[in-house]
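S.K.: This is what each chain is made of:
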Amino acid sequence: MKTMTYVEALRDGMRFEMNKDPNVYLAGEDVGIFGGCFGQTAGLYQEFGPERVIDTPITETAIIGHAVGAAASGLRPIVEIMFIDFTGVCMDEILNQATKMRYMFGGKAKVPMVIRTPCGAGVGAAAQHSQSLEAFFTHIPGMKVVMPSVAADARGLMIAAIRDDNPVMYIEHKGLLGVEGEVPEGDVIVPLGKADIKKEGSDVTIVAWSAMVGKAMSAAASLEKEGISAEVLDPRTLKPLDIDSILSSVAKTGKLVIVHEANKTGGFGGEIAALVADEGFDYLNAPIKRVTAPDSPVPFSPVLEKAYVPGEEKIIAAVKELFA
Amino acid sequence: MKTMTYVEALRDGMRFEMNKDPNVYLAGEDVGIFGGCFGQTAGLYQEFGPERVIDTPITETAIIGHAVGAAASGLRPIVEIMFIDFTGVCMDEILNQATKMRYMFGGKAKVPMVIRTPCGAGVGAAAQHSQSLEAFFTHIPGMKVVMPSVAADARGLMIAAIRDDNPVMYIEHKGLLGVEGEVPEGDVIVPLGKADIKKEGSDVTIVAWSAMVGKAMSAAASLEKEGISAEVLDPRTLKPLDIDSILSSVAKTGKLVIVHEANKTGGFGGEIAALVADEGFDYLNAPIKRVTAPDSPVPFSPVLEKAYVPGEEKIIAAVKELFA
Amino acid sequence: MEVTKETLLGFYETMVTIRTFEEKAMELFAAGYIPGFVHLYIGEEAVATGVCANLTERDFITSTHRGHGHLIAKGGKIDLMMAELMGKVTGYCKGKGGSMHIADVDLGILGANGIVGAGQPIAAGAAFACKYKKEDNVCVCFFGDGASNRGTFHEALNLASVFNLPVIYVCENNLYGISNCQRDHMNVSDISDRAASYGIPGVSVDGNDVMAVYEAAAEAVKRARKGEGPSMIECKTWRHRGHFEGDPGIYKSAKEQEAWIKKDPIIKLEKKLLEYEYASEDELNAIKDTAKERIEAAVEFAKNSPDPEPEDVLRDVYAD
Amino acid sequence: MEVTKETLLGFYETMVTIRTFEEKAMELFAAGYIPGFVHLYIGEEAVATGVCANLTERDFITSTHRGHGHLIAKGGKIDLMMAELMGKVTGYCKGKGGSMHIADVDLGILGANGIVGAGQPIAAGAAFACKYKKEDNVCVCFFGDGASNRGTFHEALNLASVFNLPVIYVCENNLYGISNCQRDHMNVSDISDRAASYGIPGVSVDGNDVMAVYEAAAEAVKRARKGEGPSMIECKTWRHRGHFEGDPGIYKSAKEQEAWIKKDPIIKLEKKLLEYEYASEDELNAIKDTAKERIEAAVEFAKNSPDPEPEDVLRDVYAD
Ligand SMILES: Cc1ncc(C[n+]2csc(CCOP(=O)(O)OP(=O)(O)O)c2C)c(N)n1
Ligand SMILES: Cc1ncc(C[n+]2csc(CCOP(=O)(O)OP(=O)(O)O)c2C)c(N)n1
Ligand SMILES: [Mg+2]
Ligand SMILES: [Mg+2]
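Chains as they are written, first to last, in the working numbering: chain Y, 1 to 324; chain B, 1 to 324; chain Z, 1 to 320; chain D, 1 to 320.
Errors might be hidden in some of the hints.
[Said to hold, decoys possible] No more than 27 Å apart at the CA atoms, straight line, and that leaves these computed lysine-lysine pairs for BS3-like:
#, chain 1, residue 1, chain 2, residue 2
1, Y, K108, Z, K268
2, B, K110, B, K194
3, D, K226, B, K108
4, B, K110, Y, K108
5, Y, K110, Z, K292
6, B, K108, D, K77
7, Y, K306, D, K303
8, Z, K268, Z, K255
9, B, K264, Y, K194
[Claimed, not checked] Just the calculated beta-carbon pair ranges, DEER-fashion:
#, chain 1, residue 1, chain 2, residue 2, range
10, D, Q257, Y, E185, 52 to 58 Å
11, Z, P306, Y, D21, 36 to 42 Å
12, Y, E185, Z, E228, 55 to 61 Å
Don't read these hints as lab results, they were simulated from the structure. C-beta atoms are modelled at their ideal positions from N, C-alpha and C, and glycine is treated no differently.
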């Protein structure tokens with residue numbers, strides 16, 4: 001174990017695989033000497049050189065499109081989209097090429113590629129640089145989606161994502177990059193599709209991912225003091241989703257609160273709620289609550305942004321409603 | 001009332017508004033002399049001329065992008081994306097420009113534009129020409145989404161969409177274009193955000209939209225014979241959603257089945273299930289079921305396509321599960 | 001450039017095979033054997049043939065919605081193609097793809113594509129892989145005049161140029177994108193002029209003259225193999241049929257159509273072969289007959305093949 | 001082209017106002033008054049100034065992430081801008097947009113934009129509206145060298161050409177897209193050469209020479225107003241600061257930076273004004289002082305303005 005920040009951990013995951021497999025390379029805007037907009041790739045250019053750490057023009061369509069072609073021809077690209085908000089620019093390449101190629105070709109192609117991209121509000125970057133768009137990608141067959149919440153997962157999921165033979169959206173949260181944690185060294189992966197129970201509890205299940213895990217944990221700590229024992233579950237991978245772990249937890253607690261930073265309507269919280277309202281209906285003894293951002297673009301002003309991002313108080317309030 | 005097909009009805013809606021408001025124009029690929037890939041715009045070029053019915057190059061990004069600029073400068077564009085699958089090409093223009101401009105500008109812009117686009121499988125058009133992507137658009141604040149299931153709604157929602165001062169996705173289903181129905185003439189709109197109860201019933205609520213409404217209706221007819229009285233509700237507009245009508249229905253029936261053609265995971269059925277599992281939890285006496293396409297791209301072969309598209313039998317089976 | 005008799009006869013065979021395949025597809029579509037959309041390559045055979053004659057199995061291509069000709073020219077198996085058109089489980093894609101998605105990755109065929117212009121960056125990626133692995137194989141990207149207006153064209157050619165990739169962009173300018181004719185969809189007459197925006201060499205050739213196409217492609221492929229970077233070739237040609245089967249093509253004038261039909265690439269090549277005395281009429285007919293037989297056999301194979309099973313729907317979504 | 005003393009002094013005043021605004025923004029950002037990202041226009045003032053001098057309130061512009069200069073040159077109100085930078089409810093966007101989204105639709109300013117290249121098709125759309133309404137107003141689209149590699153550039157310029165729209169594409173080539181310098185992101189030296197791909201006239205000018213920019217834009221705006229279609233102008237310039245505040249700019253050489261600082265557009269204009277005896281040093285200083293006072297007043301206004309209320313989050317999502 002080693003203490004590192006989330007950003008160091010995800011970088012270390014890339015470095016580990018790049019050292020291991022010469023077919024792994026990294027491409028994107030300003031990933032080279034600049035080191036990435038939030039320093040995610042700092043030092044990799046110096047370590048691996050311009051043939052494996054590649055600055056591209058501002059050209060998201062070609063970044064993802066080229067990765068599809070490279071992956072289908074035997075390489076394992078990691079491509080960065082500087083902000084998840086820019087995936088709109090290359091959505092066709094994600095929606096209709098990367099994720100569908102294998103199926104359309106009758107299983108006769110492999111497209112192993114990782115799209116690394118930061119999400120999230122909280123840094124005053126406003127509507128086009130702060131979104132949480134994971135729901136889009138969970139809706140695309142052929143795609144996998146991971147959203148680490150702590151440094152260890154940032155590294156372990158990165159290695160697993162690179163080794164996976166399918167397109168993987170690796171969504172890192174801007175607000176977590178600087179957060180430290182204990183990280184195992186060496187060839188340790190976090191398997192895709194396995195949830196992590198961050199805290200055991202018996203009265204209510206809180207499912208949260210990415211930056212919301214921390215808030216759910218503080219909320220759970222506060223609730224504990226008031227006598228409510230919350231279990232906090234981080235799915236870590238949204239697609240494939242470890243629904244079994246969620247159902248087991250709800251079977252125990254009978255209550256479910258889902259927390260995400262994305263807009264409420266059409267967010268992935270709906271999917272989880274729907275699965276539980278079907279497969280776990282008999283376990284439930286109270287409504288399923290979602291704590292999310294409101295249905296607005298991300299506002300600029302810190303006052304508004306604070307009102308936008310779901311906070312500990314809102315989680316606590318939602319849980320308490322279930323006990324009212 | 002007049003009998004017309006769904007495609008005639010939606011065209012008549014465009015014609016009606018174009019006659020009424022000179023600022024309404026239509027642009028897209030092959031919408032002119034060719035009349036649209038499925039004949040949607042046939043005759044409009046002849047009627048309104050090349051200044052108002054405009055063929056564009058193959059350039060979805062510029063089609064939507066130009067519409068944003070035109071709408072913000074006082075026009076009311078209707079723009080066609082030939083297949084909803086191609087919205088990936090112009091997703092940035094939809095996600096970050098059209099729908100966010102008003103908010104980002106502090107309410108000081110209006111972007112009245114209609115994006116008309118066909119969805120749906122069933123014509124052997126395979127993975128890149130058959131998708132049902134409505135869930136994406138429901139997740140975007142600032143957007144409205146309509147999906148007519150019958151000719152009357154095709155016309156009435158079209159007029160309402162054109163008059164709306166916001167971006168509206170108008171999603172027409174390829175499989176419905178030739179279906180006839182009674183359509184009111186003149187200045188009759190179907191307001192956005194109002195569900196339609198297609199059939200009253202007391203035992204179970206089936207929510208379905210677009211091409212699934214017809215299948216839900218046949219399923220309901222079959223179920224009736226077996227003594228199960230299904231209420232069939234067509235939201236017509238997914239965003240804003242008439243959740244009150246859905247809740248009232250579930251309050252009566254206690255059971256909910258949601259049917260959509262889109263892939264299950266991340267589909268809009270999850271959102272409806274989540275809303276009901278929250279606000280209507282106390283009404284429910286059984287799990288919420290979803291009947292949807294499986295999580296695969298749309299396959300080409302008719303045998304596979306038939307297995308892909310949710311059919312009457314699957315709806316019946318899902319309903320019966322609730323009574324087992 | 002000297003071209004042997006064998007080479008020219010090889011071109012002829014390929015072009016005739018494509019034509020015969022397409023005529024059969026037309027017939028089968030009309031008879032209801034082929035579901036969905038079918039975009040035929042009739043009239044454009046010289047392009048795929050002349051270009052792919054410069055490639056080996058280790059080279060890559062990306063194709064389009066109008067892809068049958070590219071596939072055949074690159075060595076694709078016509079029985080597996082025909083079975084795929086009919087949605088059979090023996091088809092190239094096990095019936096999951098159909099005409100717009102036929103692929104043979106082992107032969108470097110990275111797929112037809114239903115999204116106009118989508119192959120352009122994918123081709124850059126395949127070429128990137130060639131370069132990354134320090135091999136001398138290359139990638140050819142086929143696309144239409146209409147596709148040259150897409151943003152992907154701009155981004156892909158710029159990327160290819162900046163990375164100095166071994167990729168050849170081949171524009172099949174048949175003067176129309178569905179109903180939209182070139183003078184309405186762009187204000188340049190030679191699309192190859194657009195290569196200048198990327199510092200890439202661009203040439204325009206008669207796309208109905210297989211020799212002209214072959215030579216331009218030979219030059220471009222040589223440059224690419226030597227590490228001298230991307231090129232663009234515009235081939236001016238014409239599709240004889242509607243955009244897809246079922247399109248009556250009302251947007252084209254009869255005069256234009258007639259003039260172009262006279263420039264049929266196969267007739268052009270036939271004349272040359274007879275003129276050079278590389279073949280007699282009988283010999284040419286024999287080639288045609290062989291093609292017909294091969295296609296008939298493919299049709300038989302396809303017709304006798306089983307459909308996929310409904311359960312197959314959920315297979316092949318992910319690699320594990 | 002003859003330019004009067006008044007015009008030149010007007011340019012000077014605008015450029016100085018932009019510079020002063022930006023220097024103040026820099027200071028306020030460092031002091032924590034401005035959240036988020038701030039991209040400063042220092043060094044590029046001649047472009048916005050020379051271009052917008054040809055526009056009226058009825059004309060449109062689309063701007064970029066580096067938009068303060070465009071807004072000021074087009075007549076934007078600096079107090080509302082400053083308040084917006086600080087996220088105040090009195091700001092142009094009621095605090096919802098911030099630096100990257102400032103807009104004033106009434107003045108034809110269709111917004112700064114956080115998506116590189118997104119303004120290109122939007123500008124075509126505004127120009128489309130001008131033409132559709134048969135008015136003689138025009139739209140100017142500002143964008144960077146990096147943005148000229150985006151697909152939007154290609155699609156928008158092609159559309160503008162095919163539709164013959166009154167739009168002027170102004171490329172601010174400051175030689176870098178963040179850390180990626182022009183020779184690494186494209187293989188052409190004059191970006192204006194790309195206009196040829198669309199049959200559009202393109203010129204390159206010294207973007208630090210306000211007169212050169214003004215004249216090129218005058219010509220292009222005249223063409224557009226007369227219905228003669230789109231144009232492209234490349235203005236070669238340099239940003240003095242990092243890409244955004246906080247970027248130390250390690251990717252730029254000190255030598256390059258030094259050489260360009262010497263070509264500061266304001267100093268260039270000052271020299272000319274003194275040389276022509278259009279103004280004395282004192283008069284120039286007076287202009288600078290006035291600009292400072294105006295900016296200070298704007299800062300006061302902004303600082304004294306209230307924040308939005310948390311409930312405002314859900315307002316302005318839809319027009320009703
Ligand atoms: C992105 C996208 N837009 C539109 C279409 C619909 N479409 C299919 S083929 C075609 C015309 C293509 O024209 P061109 O590139 O010239 O190729 P051609 O058909 O002439 O061979 C269009 C518009 C599509 N498939 N993809
Ligand atoms: C589509 C998109 N890709 C990437 C970015 C991140 N980004 C913001 S500004 C910038 C550089 C833009 O360069 P250029 O167009 O030359 O403008 P400059 O900053 O030099 O004025 C980049 C890459 C973005 N905002 N949008
Ligand atoms: Mg064409
Ligand atoms: Mg720049």
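S.K.: Range hint 55 to 61 Å: satisfied by the CB atoms of E185 (chain Y) and E228 (chain Z)?
M.R.: violated, 45 Å
S.K.: Just to be careful, I want the Cα atoms of K268 (chain Z) and K255 (chain Z) compared with a cutoff of 27 Å; is the pair within it?
M.R.: It holds: about 20 Å lies between the C-alpha atoms, which stays within 27 Å.
S.K.: Taking 27 Å as the top limit, are the C-alpha atoms of K306 (chain Y) and K303 (chain D) close enough?
M.R.: With Cα atoms ~20 Å apart, K306 (chain Y) and K303 (chain D) stay inside 27 Å; holds.
S.K.: Checking one constraint from the list: CA of K108 (chain Y) to CA of K268 (chain Z), max 27 Å. Satisfied?
M.R.: violated, 38 Å
S.K.: For K108 (chain B) and K77 (chain D), compute the direct alpha-carbon distance and say whether it is at most 27 Å.
M.R.: This hinted pair holds, its Cα atoms lying about 15 Å apart.
S.K.: Does the Cβ-Cβ separation between P306 (chain Z) and D21 (chain Y) fall within 36 to 42 Å?
M.R.: With a Cβ separation near 40 Å, P306 (chain Z) and D21 (chain Y) satisfy 36 to 42 Å, so the hint holds.
S.K.: Decide if the proposed pair is consistent with the structure: K110 (chain B) and K194 (chain B), CA atoms, cutoff 27 Å inclusive.
M.R.: Roughly 23 Å between the alpha carbons, so the hint for K110 (chain B) and K194 (chain B) holds.
S.K.: CB of Q257 (chain D) to CB of E185 (chain Y), is that within 52 to 58 Å?
M.R.: Roughly 41 Å apart at Cβ, these two residues miss the hinted range, so it is violated.
S.K.: Sort out whether K108 (chain B) lies within 27 Å of K226 (chain D), counting only the CA atoms.
M.R.: Roughly 30 Å separates the two Cα atoms, so the pair is violated.
S.K.: Does K108 (chain Y) sit within 27 Å of K110 (chain B), going by the straight-line distance between their CA atoms?
M.R.: violated, 48 Å
S.K.: Mind checking the alpha carbons of K110 (chain Y) and K292 (chain Z) for me, to see if they're no more than 27 Å apart?
M.R.: violated, 35 Å
S.K.: Is it true that the CA of K264 (chain B) sits at most 27 Å from the CA of K194 (chain Y)?
M.R.: holds, 20 Å
Taken one by one, the earlier hints fail for this structure at numbers 1, 3, 4, 5, 10, 12, listed in ascending order.
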